[in-house]
Amino acid sequence: MKLAGDRFIPREQAVVWAALNDPATLRQSIQGCESLTRIGTNEFQMMMLAAIGPVRARFNAKLTMSEVQAPTSYVLTFTGNGGAAGFGSGKAHVQLEPQSGGTRMRYEASAQVGGKMAQVGSRLVQGVAEKLSEQFFTSFVAQVEANSPPDGAPQSGPHEAATSPADRWYRQRRVWAAVGALALVVMFWAASH
Amino acid sequence: MNGKQSTKESFAAGAVGRAVERFEDVRLLRGEGKFVDDLHREGMLHAAVVRSAVPHGRLISVDTAHAIGMPGVRAVFTAEDVVRVLGGRMPTIPLRLIPMPELVPFEQPVLARDKVRYVGDPVAIVIADSAAQAEDAAEAVLVDIDPLASVPDRHAACRNESLLFEAHGSNLPITYTASRGDADAKAPYVRREKFSVQRHTAVSMEARGLLAEWDAARGMLTVAGAAKVPFSTRRTLARCMDLPEDCIEMIEQDVGGGFGVRGEFYPEDFLVPFAARQLGRPVKWIEDRRENLLGSNHSREMDIEIELACEKDGRMVALRATAWVDMGAYLRTSGAIPPRTLAQGLSGPYDIPNVHIDVSMSLTNKAPVGTYRGPGRFEGTFFRERLMDMAARDLGIDPVEFRRRNLVKVSQMPYQIATIRPVEQKEWFDGGDYGAALERCVTEFGWAAKAHLQGERINGRYHGLGLACFVEGGAAGPRENVRLELGADGLVSLFTGSANVGQGMETVCAQIASDALALPMEKIRVFHGSTTLMKAGFGAFHSRCVVVGGSAILDAATHLKAALCAAAAARLGCTADAVVIGDHLVASFNGKTIAPEELVGAAPITAEGTFESHKHTYAYGAAAAHVAVDPKTGHVELLDYLMVEDVGRVINPLTMHGQAIGGIMQGLGGAFLEHLVYDDQGQFLSGSLADYLLPSATDFPNIRAIVTGDHPSPNNPLGAKGGGDGGVVPVGGAVANAVSAALSSFGVGVHSLPMSPAHIWKLVQSSRTEARPA
Chain A
6 MKLAGDRFIP
16 REQAVVWAAL
26 NDPATLRQSI
36 QGCESLTRIG
46 TNEFQMMMLA
56 AIGPVRARFN
66 AKLTMSEVQA
76 PTSYVLTFTG
86 NGGAAGFGSG
96 KAHVQLEPQS
106 GGTRMRYEAS
116 AQVGGKMAQV
126 GSRLVQGVAE
136 KLSEQFFTSF
146 VAQVEANSPP
156 DGAPQSGPHE
166 AATSPADRWY
176 RQRRVWAAVG
186 ALALVVMFWA
196 ASH
Chain B
5 MNGKQSTKES
15 FAAGAVGRAV
25 ERFEDVRLLR
35 GEGKFVDDLH
45 REGMLHAAVV
55 RSAVPHGRLI
65 SVDTAHAIGM
75 PGVRAVFTAE
85 DVVRVLGGRM
95 PTIPLRLIPM
105 PELVPFEQPV
115 LARDKVRYVG
125 DPVAIVIADS
135 AAQAEDAAEA
145 VLVDIDPLAS
155 VPDRHAACRN
165 ESLLFEAHGS
175 NLPITYTASR
185 GDADAKAPYV
195 RREKFSVQRH
205 TAVSMEARGL
215 LAEWDAARGM
225 LTVAGAAKVP
235 FSTRRTLARC
245 MDLPEDCIEM
255 IEQDVGGGFG
265 VRGEFYPEDF
275 LVPFAARQLG
285 RPVKWIEDRR
295 ENLLGSNHSR
305 EMDIEIELAC
315 EKDGRMVALR
325 ATAWVDMGAY
335 LRTSGAIPPR
345 TLAQGLSGPY
355 DIPNVHIDVS
365 MSLTNKAPVG
375 TYRGPGRFEG
385 TFFRERLMDM
395 AARDLGIDPV
405 EFRRRNLVKV
415 SQMPYQIATI
425 RPVEQKEWFD
435 GGDYGAALER
445 CVTEFGWAAK
455 AHLQGERING
465 RYHGLGLACF
475 VEGGAAGPRE
485 NVRLELGADG
495 LVSLFTGSAN
505 VGQGMETVCA
515 QIASDALALP
525 MEKIRVFHGS
535 TTLMKAGFGA
545 FHSRCVVVGG
555 SAILDAATHL
565 KAALCAAAAA
575 RLGCTADAVV
585 IGDHLVASFN
595 GKTIAPEELV
605 GAAPITAEGT
615 FESHKHTYAY
625 GAAAAHVAVD
635 PKTGHVELLD
645 YLMVEDVGRV
655 INPLTMHGQA
665 IGGIMQGLGG
675 AFLEHLVYDD
685 QGQFLSGSLA
695 DYLLPSATDF
705 PNIRAIVTGD
715 HPSPNNPLGA
725 KGGGDGGVVP
735 VGGAVANAVS
745 AALSSFGVGV
755 HSLPMSPAHI
765 WKLVQSSRTE
775 ARPA
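So the protein sequences, as listed, match chains A and B.
Under the numbering used here, the first residue of the first sequence is numbered 6, with each subsequent residue one higher.
Under the numbering used here, the first residue of the second sequence is numbered 5, with each subsequent residue one higher.
The following block holds chain B by itself, in its conformation from the complex (with noise of 0.2 Å):
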């Protein structure tokens, strides 16, 4: 690790870039955690939610007849019950991030009405006194469906044979397209191959949970277990129930996971809400892990034809690509990021002058997409980074040299990337020096001194080495606020509206606070995620609360001194802008000083600071494997692995460090076992972790991550760049290189993920029938 110290605003103990035990970790592991299944109150009732078993069909009736009359149950709702509450509407869930007119008509409806579209569709919820009957009502509602054609994948949903939106007449909703340069580029060296990446996703210990509660008599309607973005879910639920925002609260409980999926809006967070205002009671729910595979948002199933031109001397001329994402079934609030960020990131970290890239978006009757830490881009890098290894044998040039060759380089900072249409957005790399990156990386893995292992076979199993060069975005704006109190009793109390999903972000932001304040980490309280605690708040996602949020207590800092310095001004026989704050917060002037306390009235100091941008960051960064595949069983054990990335600046080593672990096991997760596999009629098949297989620390053992702050962004007064998907980024393509490298002997590649022992023993198998090449 190699955080950079903090310079002009440290205090003796410097906090920022210090590796400091997370202040989460000691309540969660004495079990004094609360997340949303610990709350309970007087009166509270359970839901179930029914849910479509059939992947698209006319949905006929729901009858509930039977499940109203069985114990417990209080009340089972339907579309038609939400219709007529809501005076005719049925709600429908609008896109959070990158909204267009033309995606409204995919947006999902709270309750399925006249057709489902998945297996998992919500057609009812049945409250009653216990979790355990509301599912036995849950089972006994009977959903009559009249099933129609299946569009189980992306090339069905091109077929146009069967669609999931009749009146739009297509299940391709619409294509983004980046480009840069010349289109038609041409290059002495052309090579074109399609890859695919398998549908998974982001599978959280917690699962998704609420409680509802309706006080009638005030109007307001309180919501605990709120994630991620709680003000944009207060704002779309506000819409949805016909109720003035402020009228609501988004309490934000212990969350335990984030990663993109937890925290969107989905169905639930409107059905549960609706329910106990109808009832007028609390009603909990808690999804149990078939529901939480079946209805949380999916992600990563992506295919590619995609085409490099270069000069002999392995310098890229252009990359120009056709893709298609598979949806799901309707567009979710963060469907857009990943077919988005495919198209915009494919050319990496590298100097690209000319890209095309066409993205499209498919419908499929299979559950909807959203988010998944590193979305598009872990994806796009598995593509980028095979091809880009396969031109690099065919024109003989070392797979080092040739990414040393076409990387940005610091002099051509900040760098234009391709431009994404149809909602335009210019985009440029911050800074930093991307070929530092990867020579750190070859060296700390010693590849020079590996590198005559490729291919080799050694006691049976074939040793490849493989390597990946990523950016990572980070720091999505518009803004963030923070408001920090300074009570009597010398505590600075920090609010933000960033959120925390397990992150370690409580610590961080004290440690930003404590140089920005020259104030013990210990006399800093940090409160975050709630309605009740800011007006607006911007959440937790694309990296972005250490940047956006930590650059806003930066200048809340700003502020509350200057409120100081205003009290203290009198006291001191003095004008405030001759008062110098101090370590401590302890007020000068002249020899004499105050200290905080004394300033401080009935009500506390209070200072509000915020931050605003549209820059995003890009960390950055270089990853090498080194596997040994047997032949025989296609396992592949993995003997080393190592990210070198650079995130502007550490705030904390040790929380950056978990960052960076726990995101590369999650991409191996996507590269070798993760997979929610449906079958050919739409068919959910991965209902469990027997059948989901997740990494376990002993499956992956030998991973390392070094990560440097050696190049601040300029984008921001922290220098800090989004560092929370990077680990993940760069897993596929680098693991992926290294199995076919490995394999080169046999003349077969990998074009495709997860690497399961049967894909690997596949390939291998394939070899000895017909010739390929690698």
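So that you can see chain A by itself, here it is in the shape it has in the complex (with noise of 0.2 Å):
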């Protein structure tokens, strides 16, 4: 199963990359992400609550990180377990460029569900998938727009730059947990193919 997508962001790269790394926009971006939680150098957790038709769970997701090329890409593993419900898996390459008036963010994942989520929920899962994705990016770019002005001055800036490097490091971190998140989101897109 693979799935493959770009969405365009009216925000210069620097900003979409400070936005991501805001755990509290990200949280209310992804619809029923409860937490995001670093357990490791490279891992990170994230509690989800996710309905597939018939099957209701909380997910608990383990993300893991490499390749990365900041601020441009990297590579996200992911396993979602959603205990009796089900569970989820699979790889995602996600790529940001400056585009003109904004930034382009591609994604390209491949993704497993199993258990009782791909029995019962197979034929759901596009429409669960797409709606999740949707709600994401509208809620994402509604609060890029809202913090910060259209002129692209990124606000963040200063405080990047007098940021220690383990605190950047850390907020990278966060930020790779976050579209880990939206990993997840494009798995159970990604299942129905």
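If a hint is listed, it holds; no wrong ones were tucked in.
Label-pair ranges, simulated between beta-carbon atoms:
#	chain 1	residue 1	chain 2	residue 2	range
1	B	R62	A	G58	27 to 33 Å
2	A	G58	B	E443	50 to 56 Å
3	A	F142	B	L32	51 to 57 Å
4	B	H639	A	E48	47 to 53 Å
5	A	A9	B	D186	52 to 58 Å
6	B	A762	A	M52	34 to 40 Å
These are computed hints drawn from the structure, not numbers from a lab.
All residues carry an ideal CB built from backbone N, CA and C; glycine is no exception.
Join the two chains, each given in its own frame, into one complex according to the hints.
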């Protein structure tokens, strides 16, 4: 199962990158996301409530990142376990690139879902994933726009400069965790292909 | 309908051949049926099965600690518990049909222990006060599995990179070979093609269910919910549970559909009785639809490379093929039948002098496979009849004429077909006029009048006609037993070792007994299925109840009459052989008569009968289909479908017609709709009836069946042939030929089922990008 797609965000790359660094923004953008926690050097944990048709469950997702090329690309592997509802796993390659008037975010993901979610939900997965994905981008773009002026002057610029390398490193990790959550969404979508 | 009337045994109101309404129906339609889930017992507990969600992996641990503390939970049993209770032994489920020592290593254990091999593989069973509590607790059992590379299809199985059974060293347990004549025979015309049929199965209305009770004081186990083969199931259960066979009673309830799938021995058939014995309480288990689709036997998934060699005049010289059957993760009770029957039956009703067919089993990480109505024959008929249409077209011969030239002729009967190995079996067609069935089919269908529609575009849709000829094997032995008891009330009770899985067997048995005893049907009561009724019985499979069970009724009737003669002799003042038993079992001699009631003392007059046979029957026929295909949507409308089948002798035209129509409908489901889909990792994606599409009455309203009894089988005294599977057998072939004919102007043809709108649409699209031979 494979999926590829892209989105245009009308802010420059640094702004999008910075917004992706803000866990609060991301948590509000991912419907059902309850928490994002770092559990290891390259590992994060996310709790997310999701419903696919008759299957409703709290998914405990583990995200592992690699091949980071800040601020343009990375590879994220993820496994999500919904207990008796089933599980999902996969890999996502995400890229940001500047484009006239903003930034284009591209993603390529391959994923598997298993268990009850696959058995009774496979025909519903696409609809659910499209809805979650649409909600993520709508909400994310709205928050980016609200938090930064339209001329693209990055508010966080000075702060970013003032933070220690450790802080930046930590924030960066949260970026990947958040995009991992997006990947999980994408994964539902991909499951129907 | 053209049922033959009974001849010499008949009395005034000959019952055999009459369209008698089913006795069973009144009770069932009033809601008075008693299915497993209608049973309730004092102190009854409920079971839920914990199943693997991983297709292939090492079972690291099964943590029951949390589940066991949940409300209402009485016990959770894992593989370790079973092994401990049974003294270190983990029972596996043996093959019921055609067992071989080579196949034993692939039997399914009653619970997964070291490895899980498919999504749905049972790993534990939870027992609780209510079904809901059991299900909740089952979800709380933590199963830790270390995933292994999945084997999702037979191609992966053949690569042997990941092995389901490491000790065997291969995912291919066995290859069956069917052969006749010279495998290398040459001919001027040869065509080779690949075809496949998708995984699908029977979906009975009533899902599987069991109620097990353990009587510790008597050491007796009673299991309600047995179906299909209760005596065989008892034998297996006794062995698994270390009990003598006569300490187990299998009770048959009403059964909401069998079709080969229901009533075989599954892991639950051990687990539920085991739990009842451990807890000393009645335990009930009913599967839900998701479990039913996931855990009951699957079937039909096969692919083939097949070659047909012909003379220029269309006379078939040789049929060669290599095929693979996707068996799923284990070899189940009836699993050997589909590959074996595909091999031996692939040549169908045709006289092909040279045959060589290899069919290999391949193991994959999917649900295990068993028999489903017309096993191996539905698939084989699709493969063969498609290829024959292609050959007829290449040679410029009309498809009806092509078949006419090749069908086995009356003068060739009994006709020996290919011999199967390694468990060698020689096989003969018992008799019949195959050509006559074809002629009747094309006549009643109006083939000649419709021929001008072939490939025509009318109002945007392309019309096509298709044809398929077939045989249907039936009447599996080794024997059947019947006991008749004449009571003081003048009623006869008929006990049979056959089983009722919803096919109307009670009515048909009463009809046969009625004629054999010259007694009205109303005076005959039929009892069947449960192990409490008979010492031995062989159940309901391979269309055997009428042929084998019915013939045993004739034998028992003869013996009952002899017993009546003996009882009447003294009272009539003559020897037993001078007594004549007339209608209504009235004994007479020299003008004096005695009613049967007067002969019965304190105990009923009892007679046993048996029929033993290793000769199968072959019902046969032809089917024709007329379709209209919309190239824009890929939708196929079935405008007409007609099957003509000769079943040797029609006992009840009404139930026979029902069998035929029901079989056709299931065949159409397989041809167009039904598909048990797995993803490329072995995850199951068809766990509800919204995902697994079954045909409904409105999908295919135009279906017709004519079932005749023109050519009785010489293999049994009734002259009957098994008639339960025939309807389904030719459907895929006939309909796929019709769809391919409709699409002939696009230069494409059907090579695989199901013919979903997406599939047909893609075929049409493919013709626009590449030229392919039809």
